[in-house]
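> Given next are the chains, with one letter for each unit.
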Amino acid sequence: QSTQGSTKFPGIGRNATPAEVIAWDIDVRPDFKGLPKGSGSVAQGQVIWESKCASCHGVFGESNEIFTPIAGGTTVDDVKTGRVASLADRKQPQRTTLMKVPTVSTLWDYIYRAMPWNAPRSLTPDDTYAIVAFILSLGEIVPDDFVLSNTNIAEVQKKMPNRNGMTRNHGFWSINGKPDVNGSSCMNNCVKFVQIGSELPDFARNAHGNIAEQNRLYGPYRGSDSTKPPIA
Amino acid sequence: QSTQGSTKFPGIGRNATPAEVIAWDIDVRPDFKGLPKGSGSVAQGQVIWESKCASCHGVFGESNEIFTPIAGGTTVDDVKTGRVASLADRKQPQRTTLMKVPTVSTLWDYIYRAMPWNAPRSLTPDDTYAIVAFILSLGEIVPDDFVLSNTNIAEVQKKMPNRNGMTRNHGFWSINGKPDVNGSSCMNNCVKFVQIGSELPDFARNAHGNIAEQNRLYGPYRGSDSTKPPIA
Amino acid sequence: AAGLAAPMAFAAGEGDPAILEKQEWQTTLGKNVATMPYGVPSIYEANLIRRESPGLTRVSAASVAFTPLQGLFGTITPNGLHFERHHQGWYNLNPETHRLMINGLVKNARVFTMNDLMRLPSVSRTHFIECGANTGLEWGNVAVPTVQYTHGMLSCCEFTGVPLKVLLQECGADLKKGKFLLAEGGDGSGMTRTINLEACLEDTIVAWGMNGEMLRPENGFPLRLVVPGVQGVSWVKWLRRLEVGDMPWNTKDEAVHYIELMPDGMHRQYASIQECKSVITTPSGGQQLLDKGFYNVSGMAWSGRGKIKRVDVSFDGGNNWRTARLETPVLTKSITRFNIDWVWDGSPAILQSRAIDDTGYIQPSIKMLRDVRGNRSIYHNNAIQSWKLDSNGEVSNVQVG
Amino acid sequence: AAGLAAPMAFAAGEGDPAILEKQEWQTTLGKNVATMPYGVPSIYEANLIRRESPGLTRVSAASVAFTPLQGLFGTITPNGLHFERHHQGWYNLNPETHRLMINGLVKNARVFTMNDLMRLPSVSRTHFIECGANTGLEWGNVAVPTVQYTHGMLSCCEFTGVPLKVLLQECGADLKKGKFLLAEGGDGSGMTRTINLEACLEDTIVAWGMNGEMLRPENGFPLRLVVPGVQGVSWVKWLRRLEVGDMPWNTKDEAVHYIELMPDGMHRQYASIQECKSVITTPSGGQQLLDKGFYNVSGMAWSGRGKIKRVDVSFDGGNNWRTARLETPVLTKSITRFNIDWVWDGSPAILQSRAIDDTGYIQPSIKMLRDVRGNRSIYHNNAIQSWKLDSNGEVSNVQVG
Ligand code: HEC
Ligand code: HEC
Ligand SMILES: [Ca+2]
Ligand SMILES: [Ca+2]
Ligand SMILES: [Ca+2]
Ligand SMILES: [Ca+2]
Ligand SMILES: [Ca+2]
Ligand SMILES: [Ca+2]
Ligand SMILES: [Co+2]
Ligand SMILES: [Co+2]
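Just so you know, the sequences run in chain order A, B, C and D.
Numbering of the first sequence is given in our numbering, commencing with residue 24 and proceeding in unit increments.
Numbering of the second sequence is given in our numbering, commencing with residue 24 and proceeding in unit increments.
Numbering of the third sequence is given in our numbering, commencing with residue 5 and proceeding in unit increments.
Numbering of the fourth sequence is given in our numbering, commencing with residue 5 and proceeding in unit increments.
Please keep in mind that the hints were generated in silico from the structure rather than gathered at the bench.
These numbers come from a predicted model, not from an experiment.
The C-beta atom is built at its ideal place from N, Cα and C for all residues, glycine as well.
It is possible that part of the hints are untrue.
[As the list claims (entries may be wrong)] Only some residues are given here: those of chain B computed to face chain D with a beta carbon under 7 Å: (1) 32; (2) 33; (3) 34; (4) 35; (5) 46; (6) 90; (7) 143; (8) 242; (9) 243.
Taking the hints into account, I'd like the entire structure generated from these sequences.
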């Protein structure tokens, strides 16, 4: 195959140059393939965080204003087990990023490619190491004097609080997978007593605006006036 | 079936009242079913024509400005034969309404329902009789002192110049009809010598505006700049 | 000579600035969802719009706006680009006061509101609509530059509505005596057309939906007749009345227009069916290839008598043909998209497509049609279209034979 | 009580003013063709637009705009109403400088322009796209009033593009070792998702066309990946790069989102398939019936594993079921429209639909799903939807069981 075209589709496409692949192939995998060399300390990370991230995510990554919190909800024990225990608690109000993320590569990859939200691709690799180190320190995963680098990141992975919290034991990765639930094809007398388990709460009736204005004003299916109670 | 609904679709639709059917059922068929009573003279027609129609169609229905001419191209002989002879002449530049229309009902129906173009449904039945009489007089189908009415219109039909000019002897009224032409499924060496019989005339190259601006400015299929000759 | 756009070649360490330099959309925050609550195409698509053919008609309210087939894909016509043909302009009718009356040879003349109609059992079916005058400009000679003007009175949509049969039965129609149906529109022209009930009763729809939403005003909102396989003028827009009768009506648009002048001076009347036809849309007239090499040649095929069975493509003006790939599903009286591989070596070529439907009918050449019908028919020109590709990469409209 | 809109009755000699009086559109001249070179819906359709769900997300550039399914027909979603989901807003990318790079386990890493891609052999196929989070608000309890918000992250379009397989073969991809594909977007979020090549190689499309025209900017113009049957987030928009690899990437949107929390605190990862699902769209939550009597009850059914085989409808909360009519063609991994006759007698009712696909899978109840997955899954809620119709004609969102 020549640089300029294939035999099958002459004239179409060209080989990428090495510089082009370097420019675009920025993804970082769980095995750290793609991770550029570099390093950054928690302290450096904190400085960048406070100037570039905290406005949206809060000084401690706790803010719920712009997005769900980054840090919180993980324990020293989780770091040992690799399972965030509070995830099994059904009353846990919120799941932070650190409670869910199983791989440190994910944080590195995403922050480098997409943050800050309003200025993506503006961080250097060293910036990114530093910020990831800072976020990990918020979760007590690394100490406050830690310097994260391409050489020690694999060790850090072993401390991610939810590293053992993911399962692929399900039938949804492929159309050939086996469903975990299947319905019933019963046609008659299927339910002895039909019970309504949940209804639209009163406060939600008009929470999406007046439904009358979200349907046609003609035809058989008008919207009900949700600014008022249902008609008698 | 009740007035208010059928047994099959309860609650849907209702019977039309006689007044409603009268208001809307205004079509006039070739057998004059639907034709309201009334009459009008050529002279009356000419007055209405000149005030309401001539601005678009010309005083003698000859104008080509707004629409093709209404009158012209028919002969006294055509009135006898019921075939407009000039239609067989391939050099005949233009076909007027009177050269084509086989049925006087068509004129009556259309003018009453749709003319004047900018004020349809503004004519009375008597107006319409008068205008039709006037148009027919332009084609020498009726004399200039003629009064057209519901009682003599069937006689007038017998004088329409193209009344015998229509055929339904073809296969296009139904999908089961037989096509008049069929192509060839030859796959190889089908044409000894491929000859171009017609090309886009030079004056037509840019007559639809610049084709470059009627195609995407990206992708493989750009428009050619038709303001200039083809590139060398 | 070809090669207008030679491929970029870069030394190692170099590359395309579009890759090496970061783009605005990678480095800043984009626009909000629902910035356009009802969206519109990209600004880069602005050239692909409906257009009139200058000089074709004298006034724009009794005229045509053609669909830009040269830039479309697949089979569905976006509603914003559906061709327009009006005889007395279009209106945004008020659907709350719109009525459908059914009268004539029925037990009960009945009136339906939109409320009523939209409660009836509905069907959704994809069909092409083609104006009987499509390609009519080309009966005599090549006249227009692009496929927008040669074939752009053609669209294909998924229509939703109540089957005509359900409505007629509901009114107790006498279908023994009543072999004909008058369909009447609610616009100023009060468009009236006779429908062949024997042929069309089974698949005609009284439709309100088009490609998932309500009909557009230009296409008959809120109600139009959908008569699959039959010329577009019979798909009466702003449908107001249906009358069952025992003879055709000979309305203006079936006695003065939509009639075909034969060489002997007779006019064919009630020639309704749109016969099997196809056209290559890329590349097509007025387009400019930038380069030699591989091309996917693509087009549309349809038949008013049924399904497309095969499409053949010639690159040498009809001397030799190869069979194209058909995209599925192939539906009856609907557009079928065809594609075929081609490597352009830079020499002149003449591209043609030829469709065959499941009745065995084969799309004819313009010469075959003229031999029987002359060249003053105006309507129902379903000839094989020829596009000449010059060695400079420009494609133009020609006729061969 | 029903009967909000009693039918009009008139004495002979009288009638409906909408018929007896002439309307403006019958008595004046309408608008020109091409008044709108690219058309828009009727002014009477203004209520049917994409809408955000207040409080669902905190910022509108990382949010959702829902499709108004309550007013749509058939199977095709008009492009202007296709749902939107962005993570970093949307842009009108410049297609002239847009590039697709393919790298990783390939013989030659290659770069394609839009010029290149649109010359390759293309296919056109109709598929649904559903966000994995569709109906996610309802895992716990009834939360939102209408089908726009319960199910409106669902659209169905005809896509045109080059099969992924053609592109990967062209680059000499090692498909023995390379079972995984990274798809990367060109927006600020650089959206990245791992595609299962074993499962998706055959029907994935690198698409530029949507319903006959180019993709809309909000939906990835000029290029997006179409991965039939798989959740929408994997249909990467503004597609810029494909990398063949030997393991999944664990990107942010597959390691922190689009994961499903099970009762034991484990998250299911890479749950991609959208299972068989259906919903009644008319009548649906928040709608108001004006009258007793006959209704066509209509809805949509789809399955990420294949074709819809049957849809049953219940009017008594799931106690008794009747099989609905399916509109044809029934296509794989596409929307199927179903309709069923019903006469409403004015008493309260609970409407449900239940789809079965050609693998034999039956859409489950919300209780069956919760019994296995708990109620904190967020994603992949394909439960039977229940709409309660009250004797006052108002329909509301409920859950039974
Ligand atoms: C202007 C607001 C803003 C700023 C500044 C910002 N972010 Fe974000 N961040 C967001 C939003 C919004 C999201 C969610 C994006 C999405 O929906 O995919 C997000 C997502 C994230 C996530 C993923 C969280 C998860 O659970 O999915 C991380 C990690 C993150 N930001 C880190 C950072 C870092 C590090 C910086 C600074 C270098 C930063 N952010 C600056 C708004 C911001
Ligand atoms: C403002 C311009 C205008 C006025 C005034 C007008 N017309 Fe017309 N007329 C037209 C146009 C435009 C058409 C073609 C309509 C179409 O495309 O269906 C037409 C068509 C016709 C036709 C059909 C001709 C054919 O061959 O199809 C007849 C007959 C006719 N007009 C008669 C009349 C009469 C009678 C009046 C007055 C009472 C009238 N017109 C006033 C513009 C006008
Ligand atoms: Ca090239
Ligand atoms: Ca990589
Ligand atoms: Ca700390
Ligand atoms: Ca009623
Ligand atoms: Ca009548
Ligand atoms: Ca005279
Ligand atoms: Co027409
Ligand atoms: Co999503």
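> Would you mind marking each hint as holding or not holding in the structure?
Structure-based check of all given hints:
1. Of the supplied interface hints, the one on residue 32 (chain B) holds, with its beta-carbon coming within about 4 Å of a beta-carbon of chain D, less than 7 Å.
2. The interface hint given for residue 33 (chain B) is met, as the beta carbon of that residue sits about 4 Å from the closest beta carbon of chain D, less than 7 Å.
3. Taking 7 Å as the C-beta cut-off, the interface hint given for residue 34 (chain B) holds, the closest approach to chain D being about 2 Å.
4. With a least beta-carbon distance of about 5 Å to chain D, the hint placing residue 35 (chain B) at the interface is held under the 7 Å criterion.
5. Below 7 Å, beta-carbon pairs count as interface contacts, and residue 46 (chain B) has one with chain D at about 5 Å; its hint therefore holds.
6. Taken as an interface hint, residue 90 (chain B) does not check out: its beta carbon lies about 13 Å from the nearest beta carbon of chain D, beyond 7 Å.
7. At a threshold of 7 Å, the smallest CB-CB gap from residue 143 (chain B) to chain D is about 6 Å, leaving the interface hint in force.
8. At its closest, the beta carbon of residue 242 (chain B) sits 5 Å from a beta carbon of chain D; the interface hint therefore holds under the 7 Å criterion.
9. Taken as an interface hint, residue 243 (chain B) checks out: its beta carbon lies about 5 Å from the nearest beta carbon of chain D, inside 7 Å.
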